[in-house]
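**Student:** If you read the sequences in order, they're chains X and E.
First residue of the first sequence: 554, per my numbering; consecutive thereafter.
First residue of the second sequence: 554, per my numbering; consecutive thereafter.
Take these hints with a grain of salt, some might be off.
No copy is singled out in the list; a pair is fine if it fits within one copy or between any two copies.
Calculated cross-link-like contacts (lysine-lysine; reagent style BS3-like; alpha-carbon spacing at most 30 Å) [stated by the list, open to error]:
| no. | residue 1 | residue 2 |
| --- | --- | --- |
| 1 | K942 | K975 |
| 2 | K574 | K627 |
| 3 | K602 | K921 |
| 4 | K870 | K1024 |
| 5 | K691 | K586 |
| 6 | K690 | K1019 |
| 7 | K691 | K870 |
| 8 | K1019 | K870 |
| 9 | K586 | K627 |
| 10 | K1024 | K975 |
| 11 | K915 | K602 |
| 12 | K921 | K690 |
| 13 | K942 | K822 |
| 14 | K627 | K690 |
| 15 | K574 | K691 |
| 16 | K915 | K633 |
| 17 | K586 | K921 |
No lab work stands behind these hints, which were simulated from the structure alone.
These are the residues of each chain, in order.
There are 2 protein chains.
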Amino acid sequence: MQLPIQIDRGSGTSLQVQLAKQLRELILGGLIKSGAALPGSREMALNLKLSRNTVLLSYDQLTIEGLLEPRAAKGTFVSKRVRGRIESNILNSVRSVEGPKYDCAFDSPANVSIDFAFDRQSADTFPSQTWRRLILKKLAHAGSSAAHYSEPSGLLDLRQAIADHLGPARGINVHRDQVIVVGGIQEALNVICRSFPMATTPVVVEDPVSPGLRRVFESYSARVVPVSTDRQGLRTDLLPHHQSGGFIYLTPSHQFPTGGTLPVSRRAKLLQWAEQNNSLIIENDQDSDFCYDNPPLISLAGMTHSENVIHIGDFSKSIGGGVHIGYMIVPPHAIVSAMAAKAIFNNGISWLDQAVLADFIKSGAYAKHLRRVQRIYRSRRDILIEALKYHFNSVDITGQQSGTHILWQLPFGWPTGRELDKRVRSHGVRIYSLHREFDGSSDNMCARSDTAVIMGYSSLTESSIKRGIQKISDAIADLANVRRASH
Amino acid sequence: MQLPIQIDRGSGTSLQVQLAKQLRELILGGLIKSGAALPGSREMALNLKLSRNTVLLSYDQLTIEGLLEPRAAKGTFVSKRVRGRIESNILNSVRSVEGPKYDCAFDSPANVSIDFAFDRQSADTFPSQTWRRLILKKLAHAGSSAAHYSEPSGLLDLRQAIADHLGPARGINVHRDQVIVVGGIQEALNVICRSFPMATTPVVVEDPVSPGLRRVFESYSARVVPVSTDRQGLRTDLLPHHQSGGFIYLTPSHQFPTGGTLPVSRRAKLLQWAEQNNSLIIENDQDSDFCYDNPPLISLAGMTHSENVIHIGDFSKSIGGGVHIGYMIVPPHAIVSAMAAKAIFNNGISWLDQAVLADFIKSGAYAKHLRRVQRIYRSRRDILIEALKYHFNSVDITGQQSGTHILWQLPFGWPTGRELDKRVRSHGVRIYSLHREFDGSSDNMCARSDTAVIMGYSSLTESSIKRGIQKISDAIADLANVRRASH
């Protein structure tokens, strides 16, 4: 047996390690089958112009790893346990965790060319040029900082930049020591849940709510209390009468996913409720960066000095999901416990990303970037709404005033959201049934009846948006024809 | 009142935001006192050559933020609530969390010029050139990926690279689906603690153990069981007789902090114990990258196919602390729960750092880097030991065979580790008392008696190391003179 092995004498890697590595790959790749005999060490040495000792050492290594089995007087064989262990055991179990976005009942994502995803950003709006320039500058002037650990609560420079940004942008008067840099919204919620006793603690959430974030609270055994939303966000009239302590988690700028903006009157009522019940407000400031028709309302954290708001946000929508940086603004009384909780989770996040983001904000490039992206997204939103109106006349839409997605209430008599999603997929388009995506968390009327779909527009070009709506229109026409034919 | 405000008309930031920002800084910095009157808007406009409207808008903004209070017919005043809130409340509480490395009882770190820190890496060994080149390449060819979310369990490319690296390097036969990318060792332990029921679960740890990591287990209400170590690491003869289930967490390559390498006989005993007691081994592979005198022993994960080892490691020592990337190798039966737990914490870490690290490993640059750094650190270690021997004759050292620090057992009759630490600080040198740093976690004899100091050498140049030991020698001589004088 002549094996496809290449030994590179100039590579700097020892011959024995090279041989072991390539044999390992051949075995794990199934190119040498379980139970097969390997060439004898003399033959192998001769073929590859190696010393016999090198071959024996490689065989020994792979024997220790359980890939080879020497059998006395017979030679060396590939272990029979190898294949089963690698292929079935591992791969199958993993598939059930990864790739949850597309399930097998429908077409594969490869066939979807126009995806109205609501959790994806546009690659073409990422500030590549500026980011690249700032990275180079940072590496040139402070590159050695990458060698050092940083504070778990974040680079001081970035915390200052976030504090300075939030003042004018969100009306929050915040000192940098109140800013904790985290990996994103989820990590912020984990830090909060570790800073307070959570077991059986009531946590009011909006209904519907992001299932992933709800799961964070549940994983700490909190008692999650869903309260309905309408087109203006949380129904503050339905808040529980006597909640003692605990939390309320909400997305007042742009209710996720239904898109309402909480009016000032409800904000006042909410603050009063929290004060009376001694509850902490967790304000997820999602989507406040993109307000198309009116300036953003001042944040809840900015409206109150009562120190009962924890304000959280991240840069994944405004800059890019790959950056993985978020922040939490913690009232003074909670700083010590929040920092301690943060330090339990990790020692902080990527120095380079933090340093570059700090410069990006401080230099004014972030503000400029936001204005540019806002223009682009507004235009995509306008195209989407125009196209929907053009094809379907009067359309019932919520959430268009800000953020990067809308909620479309399907006309009476149409297929359900799930059904429509399935139909349009065969035309290469993806839209998202509110019921399907937020099922687990919802007692809400509109979600329960599955008559609404979520459509993100930020990651699609204007022409894709137009073509996508055209295809949805075609799918609906097909469906009508089928129905007509079957009657 | 003429305020020190500079308006930059070419900056791109609106005049109103510039003014508000600078006023905010003056107020928060205490340069304009609480209760003080601001100049009238006309006067301010005239001084700064701004329109009066711009000034009024800035004042309004700061009023919304609660920093200013307009009083009818009297003017605008700095709110009286500002100062107390910012200064006392926040700053004091924060100081108790941050900067724990240096306490106020001793000199300030500014006076320390030679720091034998054991948790810091050398800036001069960070692979700046290669890292920079790989960043540029990545940004040029795949920069738009920074716009997208990635898998919570890490970039596939990096997981593959880690799997390929660990095969030859640590003798672990691992499929990339078993690799989960994390922010570091601490995050890995959090993921493990969330993957299993931890309350009252026994977790054997080495004594001494890193207090920060011990705290992670305790924060999940695990029952931490310390077992003594000696010069060969964990005393496997002292393992509890009947532990049912649970975990054992250890650092077999280079016991942290005492420096022993667990011999093969103890490894075999440990694996047998874990098998019998149905316990999972958490192997922190710390410091295995730098073995100076002998090749590293095969890892515990590589020694066994019994699927009861979770292998964890990170790149902060081998590349740089600012990178914040670690990994866990999970046995197949635990993959699903570990991935789910990871996804609860965060959506993954910095795309750019992950992508660059993957290329760094795959291209062979990492292996080359390790060889280079190993040469440098070996030489620093040799200089340190030589200098100690030169000044103090026979020195009792452990942990020198690998890693980046040694443990020095002080000679009989010397001051305690804490005392010595304090003395040498006044000579501009820092060393670390084992007792002081690991007090909370230790019943261990050598730690209890405070006769050992930890000395890291990786972040110091050879000449600093020599000077540092010279200064320690001076401090000891001073002390002897003082004693002699007082007799």
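**Student:** At most 30 Å between C-alpha atoms: does K921 with K690 qualify within a copy, between copies, both, or neither?
**Tutor:** Both: 19 Å inside a copy, 26 Å across copies.
**Student:** For K602 vs K921, is the C-alpha pair at or below 30 Å within one copy, between two copies, both, or neither?
**Tutor:** Answer is between; shortest inter-copy Cα gap is 25 Å, intra-copy 60 Å.
**Student:** When Cα atoms must be at most 30 Å apart, do K915 and K602 count as within-copy, between-copy, both, or neither?
**Tutor:** between (59 Å within a copy, 25 Å between copies)
**Student:** At most 30 Å between CA atoms: does that hold for K691 and K870 within a copy, between copies, both, or neither?
**Tutor:** Close inside one copy (24 Å) and across copies (21 Å); limit 30 Å.
**Student:** With identical chains, the pair K691 and K586 could be close in the same copy or across copies; at 30 Å between alpha carbons, which is it: within, between, both, or neither?
**Tutor:** Close neither inside one copy (50 Å) nor across copies (36 Å); limit 30 Å.
**Student:** Under a CA distance limit of 30 Å, which applies to K942 and K822: within one copy, between copies, both, or neither?
**Tutor:** This pair counts as neither: shortest intra-copy Cα distance 36 Å, inter-copy 73 Å.
**Student:** If the cutoff is 30 Å on CA atoms, where do K574 and K691 land: within, between, both or neither? Let me know, please.
**Tutor:** Close across copies (25 Å), not inside one copy (37 Å); limit 30 Å.
**Student:** Using 30 Å as the alpha-carbon threshold, which applies to K1024 and K975: within, between, both, or neither?
**Tutor:** So K1024 and K975 pass the 30 Å test inside one copy only (13 Å; across, 75 Å).
**Student:** At most 30 Å between CA atoms: does that hold for K574 and K627 within a copy, between copies, both, or neither?
**Tutor:** Within one copy only: 24 Å inside, 81 Å across.
**Student:** How would you classify K942 and K975 at a CA-CA limit of 30 Å: within, between, both, or neither?
**Tutor:** within (22 Å within a copy, 76 Å between copies)
**Student:** One pair to classify: K586 and K627, alpha carbons no more than 30 Å apart. Within, between, both, or neither?
**Tutor:** within (17 Å within a copy, 90 Å between copies)
**Student:** Within a copy, between copies, both or neither: where do K915 and K633 come within 30 Å Cα-Cα?
**Tutor:** between (60 Å within a copy, 29 Å between copies)
Violated hints for the displayed structure, listed by number in ascending order: 5, 6, 13, 14 and 17.
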